[in-house]
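Taking the hints into account, I'd like the entire structure generated from these sequences.
Taking mature numbering (1 follows the signal peptide of the UniProt record, and there is no 0), I'd label the letters of the sequence shown as residues -19 to -1, 1 to 544.
A couple of the hints might just be wrong.
Once the Cα atoms are required to be at most 27 Å apart in a straight line, the calculated DSS-like pairs of lysine-lysine come out as [unchecked claim]:
1. Lys177 <-> Lys244
2. Lys274 <-> Lys286
3. Lys288 <-> Lys322
4. Lys535 <-> Lys244
5. Lys322 <-> Lys244
6. Lys367 <-> Lys244
These aren't lab readings, by the way, just hints derived from the structure by calculation.
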Amino acid sequence: MNMKKVVAFKVLLVLALTATITSCKKSSSSKNTSRATGWQINSREGGFQYNTDFKEQETAPGLVFIEGGTFTKGRVQDDVMHDWNNTPNQQHVQSFYMDETEVTNAMYMEYLDWIKRVYPPSDENFRAIYHGALPDTLVWRNRLGYNEVMTDNYLRHPAYGEYPVVGVSWIQAVEFANWRTDRVNEYTLEREGYLKRDAKVTDVGADATFNTDTYINAPTLTYGGNEEVINPDSRNKRFVRTDADGNETNIYATRETGLITPKYRLPTETEWEYAALGLSEIRSYNLYRGRKKYPWEGQYTRNGKRKYRGDHLANFKQGKGDYGGIAGWSDDGADITNAVKSYEPNDYGLYDMAGNVAEWVADVYRPIVDDEFNDFNYYRGNVYTKNALNDDGTVKVVTPEDIVYDTLSNGKIIARNLPGEILQVPVDENETYLRTNFDKSNQVNYRDGDKRSSRYFESFNDDEEGTNADALTRKMYNSPKNVVTRDSLGNLIRQYDKSNNRTSLINDEARVYKGGSWKDREYWLDPAQRRYYPQDMATDYIGFRCAMSRVGSKSQQKFKTKN
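Rendered as structure tokens:
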């Protein structure tokens, strides 16, 4: 009997010790207890405040998730054009988000409406802002064609509302993405109670706007410092705390709250090509079985399903004088562009990654892809900047009086910055001294094959007309240099480069565009094909879509299966 009591006592002792250890383990791993110090996080008495409830990045409006991975970037078909600019190379892409469709006329018109309300063109100080954002509707004109109906109606008529916007330059596409970032974050902060409800409509003005970077770095300067807008009744704020003295803390959202999304931007060329291919449908375990010529599986452009057999899977030029088949039996249902989502998406859920319109991507064009130097998130076009600071260390925010305008090579005037934004300046030796990963602000020309890329650059540099990167790039590729200046009266003087020995259009303003369009033959539907166009010019066959980087885990699945 005593033996049984001893055994029972030992069992109870073991259970008690187990419970104690488990309790201590749970206590030490509590999400509101620091694993570094053991201190309490988010304590009402003060101290370190952090969003320990964050689960995952919220998918922003219009985007779909693209899980990253490795793939063969570049040509996997015959190079019949002999461009030799897309030799195969292995690249890895981080997970990101991309627009489900191309940016439509309706989406761009919303942008124009906002610009017109906030910076009315009737005000001479803001006229160039609105005019600089307008698409070039004259791109539809043809010397031997009648296309005035598109010139007059394509952008604004509701019949074309869901058609992809064209006539937009690369610069305008970037500005749209920046505007979209601010509007999405502005709505998110309003929804969470950090901004006054409907202030984005009722309180906005040229001297009172919302900018994401300004809100993060100097929230009290947002909306021109209107306290009523940026610090409304805090009862609905999820992350606001009260310290021991009854004072509110965390009254402004920060990156630590997890509410502010990364920026909308143009996808890199590598991201675009990876997303367009949609290789997940040919994956078998940890291998890709075969290759893909188009965003859909198969070697042909026609649908093989019985109900739609013979119909084209994209909108493109089918032959000389044939943009859509015969009347009553159209092969692709369109002659110019078509409404987005008119054709089946690829395996990632992306529409029109082949056909409809070609699309701007972020990269500066060079014939080579330097995979020897980098094979992870490859991108050419980095220009590193930093926030400009006042003498007291605060950031410099642009005011309506500080707007700087640029005259582009085609004579068009655009605003370099807008009121409410933080003024940006190039990084200098304060950021680059003794660094090994970058040594200056502009990295566009890095290892692109010109003389500056040579180890002997300094020894044969004396005979150059100029030593700046752009001058050397032009000398390497022998591209035209058109000049736009102003006379004493402020009139534009446009001077064309009349040289007869120019052999290339490649320079630091040449940007890559990808994919085929309604105007292209089948060859250009291959996602690996790459072309370029000046960043400040537009056409009737190039549009764009936005992308966004993903923060956090690679996959959206908590436990990813291996099969």
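The hints, checked one at a time:
1. The hinted pair formed by Lys177 and Lys244 meets the criterion: a straight-line CA distance of about 22 Å does not exceed 27 Å.
2. This hinted pair checks out: Lys274 and Lys286 have alpha carbons roughly 19 Å apart, not beyond 27 Å.
3. With a C-alpha separation of about 18 Å, the suggested pairing of Lys288 with Lys322 holds against the 27 Å cut-off.
4. Restraint check: the Cα-Cα separation between Lys535 and Lys244 comes to about 18 Å, which is no more than 27 Å; the hinted pair holds.
5. About 25 Å separates the Cα atoms of Lys322 and Lys244, which keeps this hinted pair within 27 Å; it holds.
6. In summary, the hint linking Lys367 to Lys244 is supported, as the alpha carbons are separated by about 16 Å, within the 27 Å threshold.
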